[in-house]
Amino acid sequence: MNHWIIAPVVLPALLAPFIVLAARYHIGIQRAVSVTGVLMLIGIAAGLALQVSDGSILLYQLGDWAAPFGIVLVGDRLSTVMVLLTAVLALFVLLYAIGSGWDNRGWHFHALFQFQLMGIMGAFLTGDLFNLFVFFEVLLIASYGLMIHAGGNARLRAGVQYVLFNLIGSTLFLFALGSIYAETGTLNMADLANRVTMIAPEDTVGIRVAAVLLLLVFAIKAAVVPLHFWLPSSYAEAPGPVAALFAIMTKVGAYAIIRVYTMVFPPDLEVTAGLHTLWLLPAALVSLAVGMIGVLAAKRLDRLVAFSVIGSMGMVMVSISLFTPAGIAAALYYIVHSTLAGAALFLISDLVRTGRANLSLTAQPPIAGTTLTAALFFVGAIAMAGLPPLSGFLGKLLVLDAAYGSGLMVWIWAIVLGSSLICIVGFARAGSILFWKAHSIEPPEDADAMMRPSPLSYVAVGGLVSLLVAHTVFAGQVHAYTTTMAGQLFAPQPYLSTVVGTPGKMSKPTKEDN
Amino acid sequence: MEFLVASAVGVMTAGGLYLMLRLRTFPVILGMSLLTYAVNVFLFASGRLTVGAPPILSDGVTVYTDPLPQALVLTAIVISFGMTAVVVMIGLGAFLGSDDDHVDDPSEEEDETVQGPS
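Taken in order, these protein sequences are the chains called F and V.
Residue numbers for the first sequence follow our numbering, beginning at 32 and rising by one.
Residue numbers for the second sequence follow our numbering, beginning at 16 and rising by one.
Hints may contain errors.
What the hints assert, rightly or not - Taking lysine to any residue and the SDA-like style, the derived pairs with C-alpha atoms no more than 20 Å apart in a straight line are: (1) F/K330 with V/D120; (2) F/K536 with V/D120; (3) F/K330 with F/I453; (4) F/K536 with V/I71.
Hints in this document: simulated from the structure, not taken from any laboratory.
Predicted model, so just to flag it, every value in this text is computed and none were measured.
All chains should be built: construct the whole structure from the sequences, respecting the hints.
What follows is the structure, given as C-alpha cells:
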C-alpha cells in the first residue's frame, strides 16, 4: 500500500500544531515552516498526480480495514489534480500574505492556513461521504478563523453570516447522510454506487430525497443561486489573501458534485433522472447571470470580484450540469482557470487597497505603484471576463462547444455570451474609475508618502498571472488531460472494483478468528 | 416509538427553522442548536430503532442495534458543539464591536460608519 496519498492530509495536520505550540511568538519561523510545508505539499501532489496519470487508482485503507467498513482515501486523476491545484494556489497566497504583512496583523494565520489546507486536501482525497463531511468541517472551522483574521467590525459581522450559513449547510449535510445511511446502510461512495442501482424502483422515495439534499449541500458550497447569499459579503470582507485561498473552496463544492453525481447518482440512473437537467442547469445559468450582473452593479472592488467568482462558478456549473464527458472536461479546464483568476483578482484588489482609504469605486488620488497594479488588474480582468487571448476565453469556447446540440443550447449560448459582455463592461468601468480617473484628482497636499506594496506581493500576483498564461499556452495538453479525467469519471468501474475489491485486515477469516 | 421520535425530529426542525429565520443573532443561534439536536436524533434513528439491544457482538444475543449511527452521532455532536461555541464567540465580538446584533448586511448609510479601517 502506498502511504504517500495520506501525506497531503497528515503534513499540514502536523505543521499546524507545531506552529502554534513551538513558534507562537516567532513570525519568521512560522513563515519558514509554512512555506516549506506548502513546497513539500506541491512536491507530494505532483508525485501523486504523476503516479495516477496512467489511469491507475491509488487506494489507502486507514488502519488496513477493507472498504465498506473502514475509511478509505482514493486518488484518481481528478482528485490528485485538485490537490495539486490547491497546493500551487496555496504557495502564491502564502507568499502574498507574507509579502503584504497580512499574516502578522492577527494571531495564528499560518496555523489556520495549514488546517485549512488539511481540510481541503482531505475533502479531495476521501472516498467516504461521512469523512467528506468531517473534512468539510475541518476546512470550515479553519476558514472561520481565517475569515475574521485581523478583526474589525465589518469583518466580524460578515463572519457571523458566513459561519451561520455554513452551519446550516453542515446540518443539511447531516440530514442527507442520515437519509442515505437509512436507505442503503453504507456511506462509502463506491459501495453506495453499487447499492443505489439495486434499489427497487418503487422504494426510491428516501434515496431521491437524499440525493436532492446532498445536491443542495454541495450547491451551497459552490455558491449556486439561490444558495449564494453567503459569498459576496464574506469574500469581500475577508482579508485579501484569505479570499484568494477561498477561491478554491467553492471548487470543493463543484468537485463534490462531479464526484458524487457521476459515480453514485450518475445521469443515466433512473432514480435521480431530471435532477441535473431540470434543476441544476437552470440554476447554474441563473447564477452565471446574477454573478455577472452583480459585477456591473457592485459599488466596491472587493464585492465586484466576489460577484465575478459567483459568475465563474455559474459557468463551471453550467458545464458540469451538461453531464457529458465533453462538458465535464470543459468544466475541469474552467475550474483551474477560474481558481487562478479569482485568486489573482482578490490579491490585486488587496494591492489596490494598500494605497486607498477604501475600495469603493469612486475616483480617488492615484495609489502607489499604480502602473504595475493597473497592468495586473487589466490582465486579471481579461482572464475573468473571458476575452482572448487568455484561458478564460478558451474555457468559455470549450463550454460553448460542449453545450452544442444539447436541449437548452440556445439558452446556454445566449446567457454565456450575454453575461460575458456585461462582465466586460463591469470590469472596464471599475478599471477606468480606479486607475484612469484617479489621474484627474490632485493628491492632497498633506498626504503621507504612500507605502508601495512589497515586491514579494507583486511576485505572488505575477506568479498567479503567469500560471494563467501557462494554462493558456498549454491549453491543448491540459484539455487532453481533463478529457481523460472525464473519461475516467464516466467509466467508474475500475474505481469501484479497486475500492470495494481490495482486501484489508481480517478480510479472509483465519482460524484464530473463529 | 417511531411516531414519537419522528415527531420529535419534526417539531425540533420546525422550531429550529423558525428561529433561524429571525433577524438577530441570539434567536438564530438558538435555532441552530435546536436544528443540530434534531439532526442528531435523526442520525441516531437512521440505523433503525431497537430497544435494549447491544451494539457489539456478545454471546447468546441474536438482536443487535447498528453501532455505526452512534459513532456518526458522536462525531456530529462534537462538531456541532464546537461550532456553536465558535459562532457565539464571533457573534458576541460583532455585537460588542458594532453595538448591533442583526445578522443581515448593514444598510447603506450605516455602512459608512461600520466600515472601520482594517
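ask   = Is the hinted pair F/K330 and F/I453 satisfied, with a Cα-Cα distance of at most 20 Å?
value = holds (15 Å)
request  = For the pair supplied as a hint, F/K536 and V/I71, confirm whether the alpha-carbon distance does not exceed 20 Å.
outcome  = Holds, because 19 Å separates the two Cα atoms, which is no more than 20 Å.
ask   = Under the criterion that the straight-line Cα-Cα distance not exceed 20 Å, is the pair F/K536, V/D120 satisfied?
value = Measuring from Cα to Cα gives roughly 54 Å; hence the hint is violated.
ask   = Would the pair F/K330 and V/D120 pass a check requiring their Cα atoms to be no farther apart than 20 Å?
value = holds (15 Å)
Hint 2 alone, counting from the list given before, is not met by this structure.
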